[in-house]
Amino acid sequence: MTDALALLWPPFLVALALIGIHAYFGIQVLARGVIFVDLALAQIAALGSTVAFMLGHSMQSGAGYGYSLAFTLVAALLLAFTRTWAGRIPQEALIGIIYVVAAAAAIVLIDRAPQGAEHLKQILTGNILTTGVGDLAPIVPLYLAIGILHFTLRHRLSASDGSSWPWEFVFYATFGIVVTSSVALAGVLLVFSFLIIPAAIGVLYADALARQLAIGWVLGTLASAAGLAVSYFWDLPTGAAMVCTFGAALALAGALYPFLHGDAARAARHVALGLRWSLAAVLVASAILLMAAPRADQPLLDAIESVAAPVRTLYLTAGEAEIYRDAHAHAERYAREAERLNALEARSRAGGEQLDDLLVRRISSFIKSYSEMRKGEEFVKREVRARARERMRWVLGPALLVLGLLIAPGVLTWASASIRKIPAGFPN
Amino acid sequence: MRSIALALVVAPLLTAAGVADSKLRIVTTTTDLASLTEAVGGDRVAVTSLVPPSFDPEEYQPKPGDVARLKEARLVVKVGLDYDLWFDRLISQAALTHPGARELRRGQPGHVDASAAIATLDVRGASVGPGDGHAHGSGNPHYWLDPKNAEIITGNILEALARVDPAHAGEYEANRLAFLKLLDDRMRDWEAKAGALNGVALIAHHNSWAYFARRFRLDFVGFIEPRPGVPPSPAHLSGLIKTMRERDVRLIVRQPHEPEKNIDFLAQKTKAAVVVLAGSVGATPAAKDYLSLFDANLDALAAAAKARP
Chain A
1 MTDALALLWP
11 PFLVALALIG
21 IHAYFGIQVL
31 ARGVIFVDLA
41 LAQIAALGST
51 VAFMLGHSMQ
61 SGAGYGYSLA
71 FTLVAALLLA
81 FTRTWAGRIP
91 QEALIGIIYV
101 VAAAAAIVLI
111 DRAPQGAEHL
121 KQILTGNILT
131 TGVGDLAPIV
141 PLYLAIGILH
151 FTLRHRLSAS
161 DGSSWPWEFV
171 FYATFGIVVT
181 SSVALAGVLL
191 VFSFLIIPAA
201 IGVLYADALA
211 RQLAIGWVLG
221 TLASAAGLAV
231 SYFWDLPTGA
241 AMVCTFGAAL
251 ALAGALYPFL
261 HGDAARAARH
271 VALGLRWSLA
281 AVLVASAILL
291 MAAPRADQPL
301 LDAIESVAAP
311 VRTLYLTAGE
321 AEIYRDAHAH
331 AERYAREAER
341 LNALEARSRA
351 GGEQLDDLLV
361 RRISSFIKSY
371 SEMRKGEEFV
381 KREVRARARE
391 RMRWVLGPAL
401 LVLGLLIAPG
411 VLTWASASIR
421 KIPAGFPN
Chain B
1 MRSIALALVV
11 APLLTAAGVA
21 DSKLRIVTTT
31 TDLASLTEAV
41 GGDRVAVTSL
51 VPPSFDPEEY
61 QPKPGDVARL
71 KEARLVVKVG
81 LDYDLWFDRL
91 ISQAALTHPG
101 ARELRRGQPG
111 HVDASAAIAT
121 LDVRGASVGP
131 GDGHAHGSGN
141 PHYWLDPKNA
151 EIITGNILEA
161 LARVDPAHAG
171 EYEANRLAFL
181 KLLDDRMRDW
191 EAKAGALNGV
201 ALIAHHNSWA
211 YFARRFRLDF
221 VGFIEPRPGV
231 PPSPAHLSGL
241 IKTMRERDVR
251 LIVRQPHEPE
261 KNIDFLAQKT
271 KAAVVVLAGS
281 VGATPAAKDY
291 LSLFDANLDA
301 LAAAAKARP
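Chains as they are written, first to last, in my numbering: chain A, 1 to 428; chain B, 1 to 309.
Some hints here could point you the wrong way.
Stated by the list, open to error - Selected chain B positions facing chain A (in silico; Cβ < 10 Å): (1) Gln61; (2) Ala116; (3) Ala117; (4) Ile118; (5) Ser138; (6) Ala201; (7) Ala210; (8) Phe220; (9) Ala235; (10) Lys242; (11) Phe265; (12) Ala302.
What the hints contain is simulated information worked out from the structure, not anything from laboratory work.
Fair warning: this is a prediction, and the values are worked out from it, not measured in the lab.
Backbone N, C-alpha and C fix where the C-beta goes; we use that ideal spot for every residue, glycine too.
Go ahead and model the full structure; you've got the sequences and the hints to work with.
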């Protein structure tokens, strides 16, 4: 646990610094309706680094940074004008074009210097897990300075009053500088989440900028902490896990909105209704799928069985269950044996007696055979289950169908009303 | 500096292809295979490799010029083991417009899969199973990094050369034997240098070193990115740091194209030194051909082992 904390607190601090500035820019970006501008700016900065690399500068050098800054400023100038140009062509289209052309140009250039391909990739796929406290030293003063600049010029830079292009240029230039440094640390996906999701939640729940910011910061912090924890306990790549928790945070905020802003009782009724309809739809669709194609994947049954394996005994006969268990045990054993042989060979590389080529070949062919045998057992498992499902489909399918119809709101009352409408004395 | 070194490696290949009309044209996917093919073919062949050094052949995107190169080739040599999967499709593409290239398709006389008869390591079957191995179902593809495997690779190349150019088969065979003699002499030297790393635990960014480790008895105890392209999880990284402390790992092996950030992070955490090795010919300036690849790598490792506190 202490290991985890030692490893996770520097990325957490970096995430806080990034959310601090990006939540603000996110609100501005949402107001301007230029959602993907950060991708365009990051890609332009990467193109600048690529050009520097082609001219013989290291990507980490001052010259490398200079080139990427110069490219970003040119792009900022372009972006400042896109608002004026945008008439028949929406501004987002122009931003998208800047993004794809910059990305393609970098690929074309790097094709002439193949060692650069990996470096180019690194500019855009930072790994927040391996950032350190040292990474904060350059960005915190920079972000603070830009924050203060924006605060003092807030009336000029706000999106609402149709500011003129020099002020738009200042906005995009400062944003470009921020994005360039943050993307190198956290990668394109995570920076986009930092930018848009806390801002979107803030905009959803508040009107004043200060409150929007406060909400964005708090929720961004919580989502980052949750993402880091999820990534540690479930052993997942950190950046991707954080993007998912940010997405979950937005979904949660959206789901809670009607409860917090409006008639809570009505919202609860709607939610209950929605849940019943969804559950009914899932049950009815599963019933139809089971009856029509019992051998196809049955997502509902598979999910239930993976959570509670004994459910299988409901439709497998004792003999089938035995075959299934046996095949499962064998498949596991073959997998273990293959792993054991691989480990044996790997251990022999450095220590102990060296295995000769003949033995290595035998090990490889054993592993291949085990893998084939395992596939065979997996086939048996699938086949036993498919046959049982095929046999039971006219029992299980209608049962699911009726259950679905019972759960669907109103179907039952509608059915009983229609029955009552049948006139008395109707010949039986 | 790097680009100059690159030019030095690539330029002779290009000019050779340009002037030598009487020569047998051969296209390989990687620079390693190009170097070994030259060793067998000698002056009679002009070899071009498609994937530039220090570029991941699994992610290579063929260019129109590659089709043109194939049109003139009499022989193609690939790594196989799913490492250069795009190559077969490229050959089919060339065969559409140039009937001569049909002879280069898989199963035809002009096609060499250099992995034939190699004792493959890290085979995981075709299952997408667990484990920390290579993603390749058919085994770890970095087999050229065991110099003993050069015997098999050059054997495969010789067989194909004798097939397409039987008139000079004797010459090719003599070339190969001379090369293997040279390799055998150097082998003793390399093994002596590798002796300095006896009992030294290492980690690498990616499991490219299985064959190299087996031949020189190196102890790789972990990999930073076990699944290519998927960044390491915190649990994996903290487990790796723990292993590095327990096993006293002082050296991290990096190839020039592998990302520096994760490696520097671990190096900083554990005070380990980073040693840059060439995974293929031309990846570092010193690895000019197949033999100097091992010279350079074992020198670098021996120097790092000596310098380690």
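We went through each hint and held it up to the structure:
1. Gln61: This hint holds: B/Gln61 lies near chain A, its Cβ roughly 9 Å from the closest one there, short of 10 Å.
2. Ala116: violated (12 Å)
3. Ala117: holds (9 Å)
4. Ile118: holds (9 Å)
5. Ser138: holds (9 Å)
6. Ala201: holds (9 Å)
7. Ala210: It holds, given that the least Cβ distance between B/Ala210 and chain A is near 7 Å, below 10 Å.
8. Phe220: holds (8 Å)
9. Ala235: Holds, about 4 Å.
10. Lys242: Result: holds, 7 Å to nearest chain A Cβ.
11. Phe265: holds (4 Å)
12. Ala302: violated (16 Å)
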